[in-house]
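Student: Protein chains in written order, with numbering that gives the first Met the number 0: chain A, 0 to 500; chain B, 0 to 343.
Hints are supplied without guarantee of correctness; some may be wrong.
[Stated by the list, open to error] Below, in silico cross-link-like pairs of lysine-lysine (BS3-like), each with a Cα-Cα straight-line distance of 27 Å or less: (1) B:Lys12 - A:Lys140; (2) A:Lys77 - B:Lys210; (3) A:Lys192 - A:Lys225; (4) B:Lys210 - A:Lys111; (5) A:Lys77 - B:Lys12; (6) A:Lys140 - B:Lys210; (7) A:Lys51 - B:Lys136; (8) B:Lys210 - A:Lys125; (9) A:Lys111 - B:Lys136.
[Said to hold, decoys possible] Going by beta-carbon spacing under 8 Å, a handful of chain A positions derived as facing chain B: (10) Leu80; (11) Gln93; (12) Leu238.
Hints listed in this document are in silico derivations from the structure and should not be mistaken for laboratory results. Note that the coordinates shown come from a computational prediction; the quantities given were computed from them, not determined experimentally. Cβ atoms here follow ideal geometry from the backbone N, Cα and C, with glycine treated the same way.
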Amino acid sequence: MTATHPYLLEMNSISKEFPGVKALDGVTLRIRPGSVHALMGENGAGKSTLMKCLFGIYHADGGQIIFDGKPVSFSTAKQALDAGVSMVHQELNQVRQRDVMENIWLGRFPMKWGLIDHNAMYEKTKLIFKDLEIEIDPREKVDRLSVSQMQMVEIAKAVSYNSKIIVMDEPTSSLTEKEVDHLFRIINVLRAKGCGIIYISHKMEEILKISDDVTIMRDGKWIATKSAKELTTDEIIRLMVGRDLSNRFPPKENAPGEVIFQAQGLTARFQRSLVDVSFDLRKGEILGVAGLVGSKRTDILESIFGMRHLETGRLLLHGKEVRNGTPEEAMRHGFALVTEERRATGIFPQLSVGFNALTANLPSYVGPMGLLNEKKGAADTDWIIQSMRVKTPSQNTPIGSLSGGNQQKVIIGRWLLTRPEVLMLDEPTRGIDVGAKYEIYQLMMNLAKEGKGIIMVSSEMPELLGVTDRILVMSNGRVAGILNTKEATQEEILRLAAKYL
Amino acid sequence: MAANTNAAKWDRKRIGTFLMNNAIYLILLALLVAIVIISPDFVSMTNFRNILSQASTRVIIALGISGVLITQGTDLSAGRMVGLTAVISSSMLQAVEYPYRMYPALAKMPLWVPILIVIAVGAIIGLLNGTAVAVFKVPPFIATLGMMIIVYGLTSIYFDRPPYGAQPIGGLDPDFTNFAQGFFFSGKAALPYLVIYAAIVSLLMWVVWNKTRLGKNMYAVGGNPEAAVVSGVNVVKTLLVIYMIAGALYGFAGSLEAARIGSATNNTGNMYELDAIAAAVVGGVSTSGGIGTVPGVITGVLIFQVINYGLNFIGVNPYVQYIVKGLIIVVAVAIDIRKYLKKK
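So that you can see chain A by itself, here it is in the shape it has in the complex (with noise of 0.2 Å):
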């Protein structure tokens, strides 16, 4: 059979196009069995769409799918997961409120005498479990679970259909490096097994990693189909942009001056979270925080801005006591935070890129009369658009259709028009694409000329050693040490992670 059709799915020249916009033209995916499959590219590129187009949550306007030697149509997500192709989604899709083996037989109880057999649904849950060496109770509540946990609930839902391809989507982001390592051993489980893995990621390293073949695509166009043994990171970031991208930041043109930002000995009063984290900014300075998940660094950024209650810690701003009790007094006081979920706490998805622009800023905006001045306000929007290059047919666009890229710069916009002193930045590249990203950093790289101060938290080492001037590394809530970036390796940086674990 295998030798009949050396693929196991094959995606053939897939078009598929929207009012205005070509969003697929012709993109051809061949899935080998017992391999792992890199589907790359920037984010608009058409990933996405090409997947939604296997589960039949687009229809294909041309091509053919072939699945197990036989063309197949599925038009629902539930008709492929049958046939055993199954998605472990990038935003987990979970009922919270029920137990880990409810939400994996969701859709198919096993039944007996009409009821639903609840022991044969434990015990069956137990057995994936073991086999993919997972060590959770399956009568769990998924509230309960980390977030780590949840994606491994996902991924054994997806083994548990006998998937015989599994689409991963973004499937580390949100995994620590030993949850990571867990998590390849699955999937060399699965591959071994003779499944075929379509593994969607951003992260250059990982996916030099784990795959097999990498497949990249470029505005809705299939670029290249090569062995992951003859790529490099630059190659493929050649062929993802287009153009050769041998810098993949920006030059270091920032001078940080005199300490402006001063944090001492912040402990947190009702969780375990911060303990006794002291450290300084500079004036035009970018500091990283480092630290593996779990390790309290948006903490220190909530902390900041007056989101979490300290038990002790003093914030000086020049010298001068500050004491942030809400967002709204660290505003006041100079302070802007880009928070990490942009989806969850950044935008307004349905309402306009003006309003997304504008909404931290609006005391400026009030008139005499108590209303606002949507003059000042559109200018302001435009200032945004123009100077951060955001695309965007016009400011009356939802944000919620624009790319995460263009999203993010608006954010960053919006709290620009806030004119901070200090601005926190937590994980301000996550699920942008390489382009994108390099316009962030030229970004942050001109904030810092112009004498603000920036604190980052990332968990992309390349990101932190090539942007930052120094870097904090957290550990389990304390602050392991502060480097220079100029003397700091990423081995140095994983020695310090660790130390207080």
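The hints should help you fit chain B onto chain A, whose structure is shown.
Tutor: Chain B alone, transformed into the frame defined by chain A:
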């Protein structure tokens, strides 16, 4: 010594959590104690039985509405549907010798015929609610608000017509009234039939919610509709059936209410939906969907009924009672929601 103080500290924390998690029950217990202190007669078999039988139809309505609440919906038409089905069932079950019958020519009918008819009427209206919500994507609040008004119109047209006009439909067949007002045993140990019906419906709903695909899908649709869709759950069908079951339960409750009261008008059941939603919420059903249990709903209804009856018993001004009930609802949710809020 150190271990001792540690244990004490831990115990204090645990007691704090316990108080927090059960605050609403403790408040209501305090209210109950106050009622008993003011009027020790309150503790009697008769009162207990009255409370149970009054709670019975409410449990049935509340279980219907709770299913809908769990799917992130709501149902404002419940009370009016109880009214419609009460009027229909009593119009068909007036005693043959009663002079003012709505259908003078109608022969004596076996009880189950009209009861099944009103259950079917309820199910159909519920299905229409479900269609508006699931197929036409009308927000449940709006869909059932519209249905509430429509059903009141229907009930009034059916009710207020010649020859007798807007007269309460009374003179019910003794078999019918006995169906709701009767007892097993007698004297102190008497067990109202109504309580049995409520128990049967509760058991049935417990099985549906916990042991069937429909029940699990209901929780899934309410907990995370997206997840339900990608797992192949038929969301439209699930919603249709849940609204339909709710309607059928209101239909059954409507016939019981008519028989219990002994007559029906177009205002029977008015605002019952609010009591039912309130009881469900006090019983731990989350209005944001995905959470709720049958024992919780029953507890919620009982608590409400005890307070209701108790306040009446000690002669509290009925208008003040409204204020107390309203406060209980808001305070219950405010306390309940604290369990889910995390302090940062």
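Student: With reference to the structure, classify each hint as holding or not holding.
Tutor: Status of the hints after comparison with the structure:
Of the supplied pair hints, the one linking B:Lys12 and A:Lys140 holds, its CA atoms being roughly 23 Å apart against a limit of 27 Å. Only pairs whose Cα atoms come within 27 Å are accepted, and A:Lys77 paired with B:Lys210 is accepted, the gap being roughly 22 Å. For the hint pairing A:Lys192 with A:Lys225, the CA-to-CA distance comes to about 23 Å; that is within 27 Å, so the pair holds. About 10 Å separates the Cα atoms of B:Lys210 and A:Lys111, which keeps this hinted pair within 27 Å; it holds.
The straight-line distance between the Cα atoms of A:Lys77 and B:Lys12 is roughly 47 Å, outside the 27 Å bound, and the hint therefore fails. Annotation: proposed proximity of A:Lys140 to B:Lys210 holds, straight-line Cα distance about 18 Å (limit 27 Å). Taking the CA atoms of A:Lys51 and B:Lys136, the gap is about 23 Å. The hint holds against a cut of 27 Å. This hinted pair checks out: B:Lys210 and A:Lys125 have alpha carbons roughly 20 Å apart, not beyond 27 Å.
For the proposed pair A:Lys111 and B:Lys136, the alpha carbon gap of about 34 Å is over 27 Å, so the pair is violated. Here the hint on A:Leu80 is kept, as its CB sits about 6 Å from the closest CB of chain B, short of 8 Å. Look at A:Gln93: its Cβ gets to within about 5 Å of chain B, closer than 8 Å, so that hint holds up. The closest approach between the C-beta of A:Leu238 and any C-beta of chain B is roughly 31 Å, which is over the 8 Å cut-off, so the hint fails.
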